[in-house]
Amino acid sequence: MKRSLLYQIGAGGESEFSDMLAEVELAERLGFDTVWCFPEAGEEGGFLEGAPAIWLSALSERTDRIRLGWGVAAMMPPAIPPIRLAEQAASIDLASRGRLEMAFLPGALLDDGDAGSWDEGVRMLVDMWDGPAFSWTSARFRVMPVEIVPKPIQKPHPPLWLTGWSLDHARKAGEAGLAFLDVSGASDDVLEAHRQAYLDARRLADPDALVAMGLRAIAIDLSPDAPNEERIEAWGAAGVDQLILRAGPLEGGHAEACRRIRCLAGA
Numbered sequence: 182m183k184r185s186l187l188y189q190i191g192a193g194g195e196s197e198f199s200d201m202l203a204e205v206e207l208a209e210r211l212g213f214d215t216v217w218c219f220p221e222a223g224e225e226g227g228f229l230e231g232a233p234a235i236w237l238s239a240l241s242e243r244t245d246r247i248r249l250g251w252g253v254a255a256m257m258p259p260a261i262p263p264i265r266l267a268e269q270a271a272s273i274d275l276a277s278r279g280r281l282e283m284a285f286l287p288g289a290l291l292d293d294g295d296a297g298s299w300d301e302g303v304r305m306l307v308d309m310w311d312g313p314a315f316s317w318t319s320a321r322f323r324v325m326p327v328e329i330v331p332k333p334i335q336k337p338h339p340p341l342w343l344t345g346w347s348l349d350h351a352r353k354a355g356e357a358g359l360a361f362l363d364v365s366g367a368s369d370d371v372l373e374a375h376r377q378a379y380l381d382a383r384r385l386a387d388p389d390a391l392v393a394m395g396l397r398a399i400a401i402d403l404s405p406d407a408p409n410e411e412r413i414e415a416w417g418a419a420g421v422d423q424l425i426l427r428a429g430p431l432e433g434g435h436a437e438a439c440r441r442i443r444c445l446a447g448a
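Take any residue in the sequence shown, count from 1 to its spot, add 181: that is its number in the numbering used here.
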């Protein structure tokens, strides 16, 4: 089972990035798989973007192996094709020498709006990375042939996830053929319900719609002072592919983050 880190990127300054860099370098030395950078959640339930893509670009030059996970808060506004997102993602993949992963964060479009538009946006994004020119015609979108550059190193594209915290999000990930990153922090019974909903939906998905491996990850809070081995073993037995440690921001700051990283590495 892979070990990874999760940071929520807000209004941090130079010291926050310096601490994060030291923690990521420690995690890389200890064999962690991915560092995920998500935007910070706002008071109204939205996301304060915080430019996680820029942080990941900086990390790409200071790391060698650890993968770089981008939490994308808004894949696309209604009726706007995600061309800029395709360009930015490919640029990070190039800068990191093929280490980018992307996790879409559900917003109003997925929860309350036209989910079909969101589904179509995922298909468009994948098509933008495939072939020399991109064009699209549907009831929602019309894009004349355009060359989208650069292209990502990873083929056919970087791994794609949906982040979520509910049964509906788990089902949507399965239906869309995406990997599922569970950030609910719920009990093991609820996590198992999410897993089953995801697997059931994925089995019913159109095979042509499967754009990612059927992987599942969970975000966890880990106390270095508590016994963790049995629960971690249980998560592995339940089919969790990746444990993602919440590493920042923490009340204990940099010292607490390093303790958590060492604890999970040794578990």
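Hints are computed from structural coordinates only; laboratory data are not their basis.
The reader is advised that the hints may include incorrect statements.
[Claimed, not checked] For each label pair, taking beta carbons as the anchor points, the in silico distance ranges come out as: (1) G366 <-> D311: 17 to 23 Å; (2) S404 <-> T318: 52 to 58 Å; (3) G417 <-> E242: 31 to 37 Å; (4) P405 <-> T318: 30 to 36 Å; (5) E414 <-> Q377: 27 to 33 Å; (6) F322 <-> G366: 32 to 38 Å; (7) Q377 <-> D300: 31 to 37 Å.
Every residue, glycine too, gets a C-beta built ideally from N, C-alpha and C.
Next on the checklist: Under the constraints set out in the numbered hints, which ones does this structure not fulfil?
Outcome noted: 1, 4, 5, 7
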